[in-house]
Each structure stands twice: as C-alpha cells, then as structure tokens.
Amino acid sequence: MTTMQPTDVSTVEDPIFEVRNTSVSFDMARGESNVLDSVSMDVRRGEVLGVVGESGSGKSMFASALLDAVVDPGMVTGDITFHPESGEPVEILGLPEDEIKRIRWEQIAMVFQGAMSSFNPTMTVGAHFEETLSVHDRPVEAGMDRARDLLSELYLEPAQVLGSYPHELSGGMKQRALIALALVLDPEVLVMDEPTAALDLLMQRNIIELIKQIAAERDLTIVFITHDLPLVANLADRLAVLYAFEFVEVGPAYEVLTGAKHPYTRALLNSTPNLDTPREEMQPIAGAAPDPVSVPDGCSYHPRCPLADERCVEEDPPLDADDPADDHAAACHYVERVREEIPLTLQEVRRHE
Amino acid sequence: MSERSSTFGPADESAADGSATQWEVYREWFDIAVLTPMRVAWSDWRTRLGSLIVLFYLVLAAVAWVSATDWGPTIVATPSSGQGPRLTGAFQDMAYPLGTNNLGESILSAIVHATPAMIQLIVAGAVFSTVLATLIGVVSGYKGGAVDRVLTTVTDIAMTLPGLPLIILLAAILEPRNPAVIGIILTINAWAGLARAIRSQVLSLRDDSYVEASRVMGAPVSRILKDDIVPNVMPFVLINFVNSARGVIFGSVALYFLGILPSSNPNWGIMLNSAYTSGAIYSLDVLHWLLIPMFAIILLSFGLVLFAQGTEKLFNPRIRARHAESIEDDTAPYQE
Amino acid sequence: MYALKRVGQAAVTLLSVITITFALIRALPGGPGDAIRAQVMQSGGSSNVDMTQLNALVESYTNVDPSTPLYVQYWDYVTSILQGDLGQSIWYGRPVSEIIVQALPWTVLLLTIAILLTFAIGIVLGAAMAYAEGTDFDVGSTVVSMLLNSVPYYIAAILLVYFLSIQFGVFPQSGNVSSGLEPSLSLSYVGDVLYHAVLPVASLVITGFGGTAITMRGNAIQEIGEDYIRVAHLRGVPGRRIAVRYVGRNAILPMYTQFMISVGFMFGGSVILEQIFAYPGLGYYLLEAISTRDYPLMMGGFLVIAVAVMICVLIADLTYSRIDPRISDDDAREAY
Chain A
-9 MTTMQPTDVS TVEDPIFEVR NTSVSFDMAR GESNVLDSVS MDVRRGEVLG
41 VVGESGSGKS MFASALLDAV VDPGMVTGDI TFHPESGEPV EILGLPEDEI
91 KRIRWEQIAM VFQGAMSSFN PTMTVGAHFE ETLSVHDRPV EAGMDRARDL
141 LSELYLEPAQ VLGSYPHELS GGMKQRALIA LALVLDPEVL VMDEPTAALD
191 LLMQRNIIEL IKQIAAERDL TIVFITHDLP LVANLADRLA VLYAFEFVEV
241 GPAYEVLTGA KHPYTRALLN STPNLDTPRE EMQPIAGAAP DPVSVPDGCS
291 YHPRCPLADE RCVEEDPPLD ADDPADDHAA ACHYVERVRE EIPLTLQEVR
341 RHE
Chain B
177 MSERSSTFGP ADESAADGSA TQWEVYREWF DIAVLTPMRV AWSDWRTRLG
227 SLIVLFYLVL AAVAWVSATD WGPTIVATPS SGQGPRLTGA FQDMAYPLGT
277 NNLGESILSA IVHATPAMIQ LIVAGAVFST VLATLIGVVS GYKGGAVDRV
327 LTTVTDIAMT LPGLPLIILL AAILEPRNPA VIGIILTINA WAGLARAIRS
377 QVLSLRDDSY VEASRVMGAP VSRILKDDIV PNVMPFVLIN FVNSARGVIF
427 GSVALYFLGI LPSSNPNWGI MLNSAYTSGA IYSLDVLHWL LIPMFAIILL
477 SFGLVLFAQG TEKLFNPRIR ARHAESIEDD TAPYQE
Chain C
293 MYALKRVGQA AVTLLSVITI TFALIRALPG GPGDAIRAQV MQSGGSSNVD
343 MTQLNALVES YTNVDPSTPL YVQYWDYVTS ILQGDLGQSI WYGRPVSEII
393 VQALPWTVLL LTIAILLTFA IGIVLGAAMA YAEGTDFDVG STVVSMLLNS
443 VPYYIAAILL VYFLSIQFGV FPQSGNVSSG LEPSLSLSYV GDVLYHAVLP
493 VASLVITGFG GTAITMRGNA IQEIGEDYIR VAHLRGVPGR RIAVRYVGRN
543 AILPMYTQFM ISVGFMFGGS VILEQIFAYP GLGYYLLEAI STRDYPLMMG
593 GFLVIAVAVM ICVLIADLTY SRIDPRISDD DAREAY
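Sequence order for the protein chains is A, B and C.
Residue 148 in my numbering sits at position 158 of the first sequence, with consecutive numbering throughout.
Residue 252 in my numbering sits at position 76 of the second sequence, with consecutive numbering throughout.
Residue 322 in my numbering sits at position 30 of the third sequence, with consecutive numbering throughout.
There could be a bad hint or two in this list.
Selected chain C positions facing chain A (in silico; Cβ < 8 Å) [to be verified]:
| hint | residue |
| --- | --- |
| 1 | Gln394 |
| 2 | Arg522 |
| 3 | Pro530 |
| 4 | Ala535 |
| 5 | Tyr538 |
For the record, the hints were derived by calculation from the structure and aren't laboratory data.
Note that the structure is a prediction, hence the values are computed from the model and not measured.
Glycine included, C-beta positions come from ideal geometry on N, C-alpha and C.
Based on the sequences and whatever the hints tell you, model everything.
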C-alpha cells in the first residue's frame, strides 16, 4: 500500500517533533501486524496537539513511539526527530539506551492511560518523586520543593499526598499526582495517553482545565491522545485524526471541528454523544475498525465510507491540502464533496442556539 | 479478568427463565462450574499429562480390585510371602518384573494391590478437607462480621497447629484401620489453608455487581451462595482438591513408613518401611525394593502437581501471559 | 492496634492448643492414666496398689489429679503449663521441660536454615524464570521444580542418606554432632554441627524450593506486566532497582500465607526427618515418646512444636503488616 510521500520540509513552524514514515509492527501468529503504518506528523513547539482515534487505531503506539517506548515485542521503524529548546536535534529512534534514558522524563515525559496503576503500590507517592529526582541526578531537596508547588497548583495537599500510599488516594488524586510526577523534571514535552479515561466526567473536565493552565504557564508542548473528541475540543490547538493506523486528517482544532474534511472525521463528530444532540440524530459509524493484520487496500476507510467508489478501492489518498498554504489537510479523494454529502448534525444543533 | 468472567460468569440463563427443570438447572451449573473450566484446562500439556498419570493409577487400582475378586481373572497376583525367590532384582525375571523382597513377595504385586486403599485414602481425605474448607471459607467470607471473626480465628488456630505431629498423635491414639477414617485424620487441619484462600476469593466476589444485584433484589443468602458464589469458587476448589490429595499421599506414606498406622493394610509406605528397616539401604543389590515404592509415590504426586499447575492459570488472575496483554494495549481498556 | 489484636489472637490460639492436649490426655481411652496404671501394675506385680497413691503418681507425671473434678484438673493443667511445668517423662525419668530445652535448639537450627534457604532459592529462581519467561531455561526449571515438588522430603532424605553417606560417605548418616566434641563456639564445633545438618536441611530444601519458585514465577510475571513497571522504566529507574524494589517486593508479599504454611509444615516434618537422621531434636523425642507411650513427653513435645509455629506465625504477621502498606485494607470489611 502506498502512503503519502514524506516532505523534507516541515509542515509547521518551529517543530519540536518531526515524525517521518514511522511504523510500529508486531509479529503475531496470524501474520505481521502494523499497528502504526508509516505515519508522518509534526508537532509545533508550545502547542497542544490532540490525537484522536477509535480504540485500536494505533494512537497509543504513536504516543509510545515518541519516547521510543513501544512495549516488546513491538518494532518501531522510521525517523522521529526531536528538537530540544537548546542544543542539536536528536534522532529518537535507535538512540543508545543511556541517551534515551536522559531524554525520557527530563525532556519528554509521559502520562499513561493506566494512571490508576502507574504507582508502585508498596511505595509512597513521595518516594516516587524522590526516586525520579535521584536517578536523574537532580538535587532532591530543590526538586521536592518543585514537586510540592506542582501538587498545590493541581489543587492537592502536598504533604498529605506525598506521604500517602497509592491505594490511599482517589482516582482523580492519583491522576493529578501522576501529572505532577511527569512534570517534576521540567520537561519540554508531555505526552498524555488517555490520561482521563478511568475518571468520571466531572473530574475529566477539571483535569483538562488544569492541564490547559499548566501548559500555558510553562510553555509546555502537549501531545494529548484520546478517543474522546469533545474532550480535547477546547484543549487542543490542533487536531490529528487517526484511522486504521494512519493519520487521515490534521488541522487547527476549530477548523477540524467545524469543517472536517474527511468522511471519517465527520462520521466521528456525528457519532459523538453530546448532551445537546437529540438521540435520534446520533449516528454510530457503520461497520468495524479494520484488523491490523488485514487493512483494506486503497483508502482504508472505503468499506465504511458512503462516498467510496472504484478509485477509493484502488488508490490510497495522500494526506495533503489542496492549497499548500492551507494547514488543514485530509486524506480523501473527494474532499470537496464531503461537506455536501455528509452534513454535521452537531453543527445543526449549534446553529439552532 | 475478562477471561474469567466470560468463562465462569454468572450467566445462568436456564435458571433465570423459570421454565427449566431441576435437572437442567443442575446440568447448567455443572457445565459452568466443572465442564467448561475442564475443557479449557485440557488445552494445557501439563493437565493432559497429569490426567494420564492419575488415570494410570486408577487403572492399577481397577486391576488390583479385579484380581482380588473371586470371579475376575487374576491379572496381578495378590502379594504373599514365598511367592517367588527372595530378593530378585528388578527386570531380571519376567514372572516378577519389578523383583521380589526378602520374603519373596513380588514387588509389582505389592505396588498394584496397595493402590485401591491408597485411592480410598486420597478421596476420603481430599473430599473431607475440600468440603469443610469450602463450607467454612464461603460462609465466613460471605457473612462477614462476627461469624467471620469466629470462623477466621478457628481457621487461624487450625492453621497454626503443627499438622503432622497432631496426625501422628491422633493416629497413635486412635489406631484407625478404615481408609476413610485415616484419610480424614490425615487432613484434620489441612482444610485451614484452603478455607482462608476461599474466604478471600468470596470477599472479592461478594462485592461484584451481579452478587450485589441479587442481594438488592432480595434473594435469600442460601440462593446467592448456591447460584452466584459457589460456581465461581468451584475451579479454585477443584485445584485444591488435587493439592490436598497430594498432602494425603505424603502424610499416609509417612505414617506407614514410621510404623504408626497398623501395617495390616497394604501401602507403599509399609513397603518403604520394611525395605528401610531390613537394611535395603545398605546394599546396592536390593535397592529396587526401596526405589520402586518411592517411584510409585513420586509419579502419582507428580501427576497431581502437573494437573494442578495446568489448571491453575485458568482462574488465577496472577498468572497471565504478558505478551497477550501488550498487543492489545491499544484496544482492550475501553471494551471492558 | 493491629499488633495488639494479633497478640490477643495468639493467646487464644495458645489456650486452644493447651485445651486440645488436655482433651487428648483426658478423653481418649488408653490415655496416660491407664498407661501409668498399667506400668505400675507391671512393676508392682500385684493388684494391691493404693488408688490414692496411683492418683498421686499420675499427677506427678501429668500435673493432673484424676480424682479431682474436671474443671480443677483443667485449671491445674493450664496453670502448670503456663509456669513451664510440662510434667515428668515416664520413659526418661526426667522433667519434660528439661528434655525439650535440650532438644528445641537443634530443631530450630535445622528449620531456620532450611526455611531461609528454601525461600531464598525459590524466590531467586522464580524471579529468574519470570524474567526469562518462555525460554528453555524457564520451561526446564518449571518441570524440574514441579518434579522436585512431587518428592516427599522423607524420600529425599532416604535417598540422600543412601547416596551421600552410605555409598560415598561424604556426609554423616545420623546425629547432630560428632561424639566426643565439647560444645563451644570454636570453629571445629560449629563446623561439625553444620556438617551434620547438611543432609536434613538439604532434604527439606531440595523438595521445598520448587513450590516457592513456581509461585514466585507466577507472581513476578504478573508484576512485570503491570503499568507501574513500565512507568518506572520510562522514569529512568535502573533495571536492577525495578527488579528488586518493584517486581521482587510486590511478587514476594502475597507469598506470605505460603510462608506461614511452610513454617508449620516444616516443624511438623521434623518428626520424620529427625527420625531418619537420628537427629536429637524435638521431633525425634516426640516420636520416641509415641513409640514408648510416654504421654507427658508426647503432649509436651506437641505443645512446644505448636507454640513454636505460633510464634513464627506471629512474628511473620507483625512484620508483614509493617512491610505491606495495604494490609490494613483487609480488616475494614463490613458485615452483611
């Protein structure tokens, strides 16, 4: 299957990440499976990039690849260039173990989807902070002061949280403590993989607000991975949509939300449950997400796409914009027809208000 | 956890629609609690090999039983002194393939004819300890409160009692002859560990939503225990049945070896004892007399260990292949 | 608070054990009263023994005067035991407590070494197997562990005696120390003691570590798959520290119940083991007492073994609540 040609020039100004032709594959009994299929994406310094996709679209793999932290026996290939604030650009993939260790958490930190179980149950939360500081040769005293500041900023009682064992904290507290732990070494990038998945709705919104504040205060770049489009809608500066292990659309958050160019993104917007949406107007996406071992030929979305024709079966559309100056791109042959033929129900509702 | 809930879940449909006969209800229960786990367990080589070994001993017992009856063919002669020449080595005379002892008894005969009593012992002991343990564990875990505190204290005391010395004392004082009684004495406090484990299983089960639901709907405790709790701890109980069977083997052979139980019953431990006390240990020529009963004991308990290990991963969430998880990393969490 | 509760529970256990031994002495036919009477009659040669004299004799041996009401007997029995008076050995003609004080350290020595080695080897091997999951090393070690776990320790003891002391003469066959050596802290004395302990300890360790290793392997495999291990790697925590502080610690903690059961099991096992090696520990005297129907020594030996196990369990419990922060969760369960 052919995918888009990599551009040597970055698509964004001042990129902090340049991901090129990056794939993640697993050898499974049923055959090799590509759970990330030769994707390219740039992350701008200081932005919040929302990466949206269904379960099993490869979004966690994208997150892990940014830190070269794909779990065994997964194989990552491609180029991921990291541009630190100061110093030379670094090629993340294939970096020797001791060097990647220095980049992880010091410059690129990660908050996992398994936040509830991200702490060692037999160590106090404080011990995790101290341990992190000391293995990275940071002064522990000053670091712990910083940790206390971070915790108070996240509306936690520092002394109480640091002295507690993980099981003594609620889910939301653990989640915020984990964010503080991710930020304790003052990284430039924070990769968050479904950080709020296990929390209730109210707590999710609260944490998003906190993340927004912290990102703004610290010039933090955030890559926020989620299946929940409305959740990132007011957090992300840009949105990238993953379908079947490839990016199908990328653009400024507002444009993607209001003028999605890819049939999948539009279907996703229409299927999203929202308090404002009348139940009868909600449209689940027909069909099933493709299996990583046998991704459909041509445009991988064609079996579920109402616009699909011969061309879509044979030819894989590249992810680019009609106009090179446009920063909103979609991988679809029929971008110009999408708007007419797949109306957005959410927009209708908004117009009513 | 997903594997477990789908395999042993509480989906008791025929019971729910009310039209099923009692027989069907029991068959359904049996299917969920016994057959399905067994079918899954069979896919493991350890379970298969273990079952074959255990089956082999059951065949031996059947052979001994048939040989000892008046009507059946004598496949393996009952052991008697002067049956053959004294102290024939193993694999030397086809009439006594495993050799003979100092009285001229065929060792093969002695091994085979000790099997039925051994199996009676094992079944009696294992049934006693698992039934008692399940009863105490389920009640104490489910009821909680004062009942739980009393039963837990009793269990803890039983667990602290040194098993073998207590068994030896009881055996020495009671001098039991009935294999079933011996089996029960051998597991006199073996139930405690299992009861404790079942209690903690029940503790986590009783907070599960479907049990909660039954309770809220006003189902009587006995029904909740029978329909919701017991089927779910059943696989666990089965494995421990096998473990306590191994305990009975070790204990009974030990008591016979020490000469504490009356030697009128045939047992591999008595063979060990007579070989050991007759000085088989000092001579290389008659080593078979000592080694063959040892082999019989070890093989049977190895069969039981294999069986238990092969089935353990079925229900033990601690034993899960990590590879299976990592690949589904991206898809799993939101579907649970 | 927890410690207080635990100590209280231990006291209840102690009282229960004393009650059990009392019940055994009192209630069982052919108990000590009859045995002593029979002995006196034998030595006296006639039936004109004074009943009061006989009762006094029974009391001097067992601390219980059969002519007093049951509750007085019980009270006398409990108070004298709590004062450390376990009665008089009929066979040895010495106070039971004296014999026990002499024997106990030897048993404690054997078992402490055996338990520490069993768990140390089992835990290290199990962790290594978990890290090498699926390799030939893992599969091979699992099979070997299961096989060794199927061997009763007394069979291992007999085989070790056969090969290493009788055939090759590497280790002494019996005893706790070479005769003629004066007890001292000298290198030669301590060395000799350890030399004599090798085979008994090895029998327990060889047959015991397999079970520990298999459990550890299962626990560690699950820990390795946990999210916090992955996060720790990303945070740059060195692999060695993760193996010890994260995987090791969290995998070992749930094995605590198994450890408790092992302590009781090994103390019980000392009865057979010390018999095979003629090792003058507690178990050895207990079995001697049983074969000579020396009831005071029998009950005293049993009581002390039970108390020893109880103390081990208590220590384990109290330390466990200190090292596992989650322990207090378990108690906060409401009743239904």
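Honestly, which of those hints from before does the structure not fit?
1 and 4
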